[in-house]
Amino acid sequence: MSEEEDSAQTDLQATDEASQVNGASLVLQNDSRASLASAFSNLSENDQYDAVLTGLCAKILDDTSEEKAISSLQDPVSLIVEMNGRNVKASGRSLMALIDATVKTQDARAMTNTLSLCLKNGGMTQYGSFQNTITSMPSVATSLVMCPDGSRKSRQERLASLPQVPFDDRGSEVTAALAFTSLVGFSFVTNVLGMDEISGFTNLLLTATIVVAVVDNFYGVIKGGAELTTRNKVDMNLPEKEDLPLNLGSGAITGTVVRGLTRLMNVDTERECECEAAAFFAAYSLGLPCFAFRPNALEAAVLVGESMKTNQEETELSSKLDPLLSDVGIMKMLIWLMAPVAMESSKHAQLIVSDPREAAGFLKRLQQRAELFGDEDALWWMEEEQEQKDLLKWAYAEADYLLRSNKETVTELTERLAGGAATVGDCVAVMEDW
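In the working numbering, each residue carries its 1-based index in the sequence shown increased by 54.
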């Protein structure tokens, strides 16, 4: 046999072997698809829908692009619409994935649409379940309202019985703490480096600071000792505490420094999770399509502005927002902003994580844009500063009552958030007891 014939025979054998390999691969691939189809067909209709819905949402979550999240949401939204049409109830696991996928869009109207579809599906019952339990502050001081304890009081009577909104002066506290630490640190450095030309001056300032701290905290003891020496015919008449300058002797100055140092150095994860859980619970239970764990005045004002737009177009992916520029709507927003404050103040003497100024800032932003909203009747409180203070006080009390009445759920939310990997869907699962 010639070399050419041997070469041709070898090529033919190689071709046959390749054909056999490809054929085997196709057979395995077909068998794999057949196994997948068989396994999928053995699932119930509900499980089939759940598997597809969860897979579509997981694909959105794996994609880090927020710009594509809206368009990518088309498929899972269409699927949940079909499920609603066929009365197929989704599992909590698939609804959690759908909510997390919608959160990625950062769009309140898209979230409103998704929550509406989930409500129609029957898997959610707690969203907005407490919005009818809150009491809005009437515009007339003599108007009677039903209080949470079942009694009927006028607006003025109820305000008189409510606790004050916690005072927060973190700007002054942090400034005082930074000034104190800077003085101590600079004095230490000048002494260590032997800077004799200025160390005398810095030491004098440090000594004066120590004297002020002693007088501020122990003036009563000092005055008592002075009175004792006076009895021994030594003239040491010290002024009364109220007559001292800068409110010395009351502990206010050193207290401000200590609170500022606490703000700068304190890191309390549990406290942060408590405030975040309170904000989430308030937003979800009051039917607000915003689940920011740390609400702020700007986000609240933007949401109100979005809800008042007259050119909102409903699509398959987004729904119109319920108008929030009303007595009830503004009260809901204030409760959301005050919820972290109410939670933190119920457990701690000093506010560190929450900020009551956010609620006041929200009212100020609404007041600045009153002409754009075109509904000044809902902003009847903006003419008088006392009306605004009363509104904040009312909202703080409502937030406090809401959280205290649902303490177990808020505690469970806190524990879930403290785990460090909780998503909005996980928090919704706590609310819905999935």
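Please keep in mind that the hints were generated in silico from the structure rather than gathered at the bench.
No residue lacks a Cβ here, since even glycine has one placed at the ideal position from N, Cα and C.
It is possible that part of the hints are untrue.
With a cut-off of at most 25 Å between alpha-carbon atoms, the simulated DMTMM-like pairs for lysine to aspartate or glutamate come out as follows [unchecked claim]:
#1 LYS447 to ASP381
#2 LYS374 to ASP161
#3 LYS143 to ASP223
#4 LYS461 to ASP480
Label pairs and their computed distance ranges (CB to CB) [what the hints assert, rightly or not]:
#5 LEU198 to VAL269: 22 to 32 Å
#6 GLN440 to GLY139: 51 to 61 Å
#7 ASP117 to GLN210: 31 to 41 Å
#8 GLU466 to TRP434: 30 to 40 Å
#9 ALA267 to LEU216: 42 to 52 Å
Going down the list of hints, with the structure as the test:
no. : hint                         : verdict
1   : LYS447 to ASP381             : holds (15 Å)
2   : LYS374 to ASP161             : holds (12 Å)
3   : LYS143 to ASP223             : violated (51 Å)
4   : LYS461 to ASP480             : holds (18 Å)
5   : LEU198 to VAL269: 22 to 32 Å : violated (52 Å)
6   : GLN440 to GLY139: 51 to 61 Å : holds (54 Å)
7   : ASP117 to GLN210: 31 to 41 Å : violated (56 Å)
8   : GLU466 to TRP434: 30 to 40 Å : holds (39 Å)
9   : ALA267 to LEU216: 42 to 52 Å : violated (36 Å)
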